[in-house]
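Participant: So you can see what is in the structure, the chains are spelled out below.
There are 2 protein chains.
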Amino acid sequence: MTRTEPARGMRDYLPEDIRRREHVIGVIRRVYERYGFEPLETPAVENLETLMGKYGEEGNQLIFKILKRGEHEASGQADLALRYDLTVPLARVVAQYQSKLPRLFKRYQIQPVWRADRPARGRFREFYQCDVDSLGSTSPVIEAELCTAVSVALTELGFTDFHLRLNHRQLLTEILDAAGVPAELHGSALVALDKLDKIKIDGVSKEMSERGISAAAIEALTEVFTGRIAMDLVTGGPMAGLQSVADFVSRAGDVPASVENLRRIFQLTENTPAAGHLTFDPSLARGLSYYTGAIMEANVPDLAGSLGGGGRYDNLVGMFLGQSVPACGFSLGLERILVVMGERGMFPPNLTTTAADVMLAVFDAADAPHALRVAGLLREAGLRVLVYPDADKIGKQIKYADSLGIPFVAILGGNEIAAGTVTVKNLTAQTQATYDQAAAGGAILEGLRQRG
Amino acid sequence: MTRTEPARGMRDYLPEDIRRREHVIGVIRRVYERYGFEPLETPAVENLETLMGKYGEEGNQLIFKILKRGEHEASGQADLALRYDLTVPLARVVAQYQSKLPRLFKRYQIQPVWRADRPARGRFREFYQCDVDSLGSTSPVIEAELCTAVSVALTELGFTDFHLRLNHRQLLTEILDAAGVPAELHGSALVALDKLDKIKIDGVSKEMSERGISAAAIEALTEVFTGRIAMDLVTGGPMAGLQSVADFVSRAGDVPASVENLRRIFQLTENTPAAGHLTFDPSLARGLSYYTGAIMEANVPDLAGSLGGGGRYDNLVGMFLGQSVPACGFSLGLERILVVMGERGMFPPNLTTTAADVMLAVFDAADAPHALRVAGLLREAGLRVLVYPDADKIGKQIKYADSLGIPFVAILGGNEIAAGTVTVKNLTAQTQATYDQAAAGGAILEGLRQRG
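Taken in sequence, the protein lines are chains A and B.
To convert, count from 1 in the first sequence and add 661; that's the working numbering.
To convert, count from 1 in the second sequence and add 661; that's the working numbering.
Treat the hints with care, since some could be wrong.
Since the list gives no way to pick one copy over another, a pair counts as held whenever it fits inside one copy or between any two copies.
Claimed, not checked - Straight-line Cα separation of at most 27 Å, DSS-like style, residue types lysine-lysine; simulated pairs:
| hint | residue 1 | residue 2 |
| --- | --- | --- |
| 1 | K867 | K856 |
| 2 | K1054 | K761 |
| 3 | K1060 | K1086 |
| 4 | K1086 | K1057 |
Hint data in this document are derived by calculation from the structure and do not stem from the laboratory.
Note that this is a predicted model, so its numbers are computed, not measured.
Generate coordinates for the entire structure from the input sequences, incorporating the hints supplied.
Facilitator: Structure, rendered in C-alpha cells:
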C-alpha cells in the first residue's frame, strides 16, 4: 500500500474548497475583463535557463527542478523547472509572440506556481497567483488603472477595509541619498526597511546601525518614516505627504520625477473606486529586485503580510527580447485572500455546497431505466440530479440524500411510472407532492428559489 | 538573452486559445454538474512512489521526475513527480479522505497532466484531461449515467456524429477463451487487437500468428470481429450482436455476466441522449491494464484515435486503501476535442475575440482623469473597457482600436468634458453620436447587441 497524503506542502481541493476558489477566481476574472485585460496561460514547466537568475540567489534555491529523461536521467541533471511566478513567463511570452500581440498588451493570468519553501501556516509549495499586467506604455494611466482594477476586485470580493500603499523605487533611492546613506549601503538599508511592519522603527534603526549606517542618516530616515513627514501624511493625506517628501529629498525646491509620477497616479485615481484606498507610504520597499518605478502593496489589518503587490518593471522583458518593453503589474495572492475571507465569513451563503439539487430514487431496481429518463427531464430543466444507483430500500435511499444535504428526492414507484408522474419529497419542509414527470423540474426549481 | 520558446512539447495559450479552451471546459463542466458530479482538484506534483508502478513499464518511463532539493540535489535523485493522469490521484484522494467523502462519490476533474512523450501533431507533453468518475457502486446505472453524461457533453459541444463504443474486459477474456487462445497469450492477443483500427483484420491476424496464436483461433476471432457476429451487429443492433457473442462464448446457451452487464447498460440508456450513439464493439480493447468491467471509447470519423475513453476499475483504489472500492470513469481529451472543433469550425461565432468592447480616447492627456472616471461608468454598465494610456493624436488612438477589432471608441474632448457628455464612434458602422456620460454605456451595449 502506498501513502495517501498529498506531497509535502501541497493540497488536495475537495468540492467545497473548489467552490470557494472558483468564486474568488470568478470575481477577479470578471473585474479584470472589464478593465480590458485578456486571459493568458503558460505551461507549468519552463526550460530551467528561463527561470535561473531571475529571482535572486534565494529564489534559485526554491525552484523545483525536473530531471532529464531517458538515458540522461542517470546523469542526475535537470533541464526543466516548475513555474516560480507568472511574471517571468509573461516576459518570455511577450518576447516570443511580440508580432502577434497588441502593442499595448494587457493580460491576466490565474495559475499555480511552485516554490520549495518550508511549508508553514498559509504558506504552501503549490499556490495560485492572480496576476494582471500591462505592457507597452510608460504612462501613469497604467498604474492608475491597475490600482483601480485591484481595488474593484477586492471590493467586489467584499473587502472594504483594505489599503493600497503606493511608493516609488526611485524615490526610495532619493530618500536614502538625502538622508546621507552611501549608495553601497542602499541595499542593506532597504532590507532593514522591508521589516518595518514586523520590527517597528526601533528594530529597523538597530539593524541599520548594525549594517553600518550612520546615526545621523538613521535619524533623518526616522523623520521621514515616522516623524513629521509621516504626520503630514496622516493629517494632510497623500498629496501633503508627497510634498513633505519632495521637500526632504530636494532642498532646492524642485520636485523629482518620482514624486511627480506618484502625484499623477493619485490625480488619475481621484474619481475612481481606488480613491479612499490608495495611500502613499514612503517606507514601502517590496522585495523583488526587478522593479524600476511605482510599487504598490494591498493590505488588510487582520493579515500579517500582504494580499498582493506589484509595481513597474521596465527592464525584465529586455532580458528576453534584447530591447526593453515597459511593463507594470500586480499579483493578488489567492491563498491569502481565501484565508482572510474564510476567517471573516465572507463567502456568499448561496455558494453551491451540495452534490445535487435532487436525487432520484426508485422502489424497484428494475425500474431504473425510468429513473434515467426522468433524470433527463429534470436535467433539461436545469437541475443538478443524482440518480441513486443501487437496489436499496427506499428509506435508505432517502436517508442518503438527507445525509448529503440534497434538498429534494424524486421517487418513482409502479404507480408513478404507470401514471407518468413522479413524487417529489422536500426534505427540508418535510412535504411531498406528485407531479406530471414533465412538470416536476419546474416545481423543484420553484422550491429551490423559495429556500433562497 | 534567454530563449523565448516554451519548453519542448509545451504550449503558451494566447487570449484567443484560452477563449476556445474555456468555452469547451465550460460546456463539459456544466453538463457534468447536471449529472451530479462535483469538482475536485489535486496538486500537479505527487510523491514519486504514488505514481510509480501504476501505469506499466512504458508509463514509468514517461513520468517527469523532480529532483530533490537543497543538500540532496547533488544526489541526482528524484522524490516527486508530475501528475501523469487524473485517475491515480483520484484513487489516492478517495483513500485519504474516505470519511469526509460521500459513500457514492461522483467527481469531475479538469486539469493538465504531463508525459515525457515524443511530441507529435496533436501530442503534447502538457495536456488537459476532463475526467468524470463515480466511486462506491457496482451498479450498471453508473456506466449508463457516465455514457449519457459524455454523450450530452459532446452533443452540447456540437458533435452529432460520434459513436460511444462499449465492450467488457471480462467478455474479451471469454471471447479469447472460446476462440481457443491459451490464457498465457491473452495479453499478446489484446495488444494485437488494440491495433484493429489502424492495421485492419489482416494486420491483426498476421500479428497474432507471429505471436504464436493458432490459425484456428485466429479464424474464430475473425468471425467475431468481422464476420457473422459483426454483421449481426450492423443489421440487428447491439442487442442482436450481444446475443451472437453470447452464443459464441457459451455454447451451453447460458448468458455470461459480462453480456448481461452490457445488455443492462443498453437498456438503461434506451431513453436517454446516449441512445443512438452507444454501440457494442466486441473488438474494443483499451490500453490501460487496470480496467475490470465495462470499457468504452468515444470516436468521430475524422479523427484517428479517440476523443476519450474509460471504463470500470474496481481494484485501483484498493492499492491505496487496502480495501476495494468499486469505480468507473471516463476521460475526455481536451486537446483532441479542440483539434476537431477547430478543423470543423465548431466554435460559436460570438466567442470573445477582442480585447475590449470599447476604447476610451482623450484629445488632451491632461484630461486622462476624466477618461478613467468615464471608463468607470462604462464598466459599471458591464462593458469591457480599454483606456488608451498614451498622449498620442486622436487619429492614432482610433486607428489602434480599429487594428484590435474593438468595435467602439468613446472620445473625450474639452467640449464633452464641459458638457458632461462623451462622443461614441461606432467603428464598424462608421457612425458617431454624443451621449450624456451616464447614458453612453447603455447605448454602446445596445450597439453591441445589434452587431450580434
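Participant: Indicate, hint by hint, whether the structure satisfies it.
Facilitator: Hints versus structure:
no.	hint	result
1	K867 - K856	within (12 Å within a copy, 74 Å between copies)
2	K1054 - K761	between (62 Å within a copy, 24 Å between copies)
3	K1060 - K1086	within (12 Å within a copy, 62 Å between copies)
4	K1086 - K1057	within (14 Å within a copy, 65 Å between copies)
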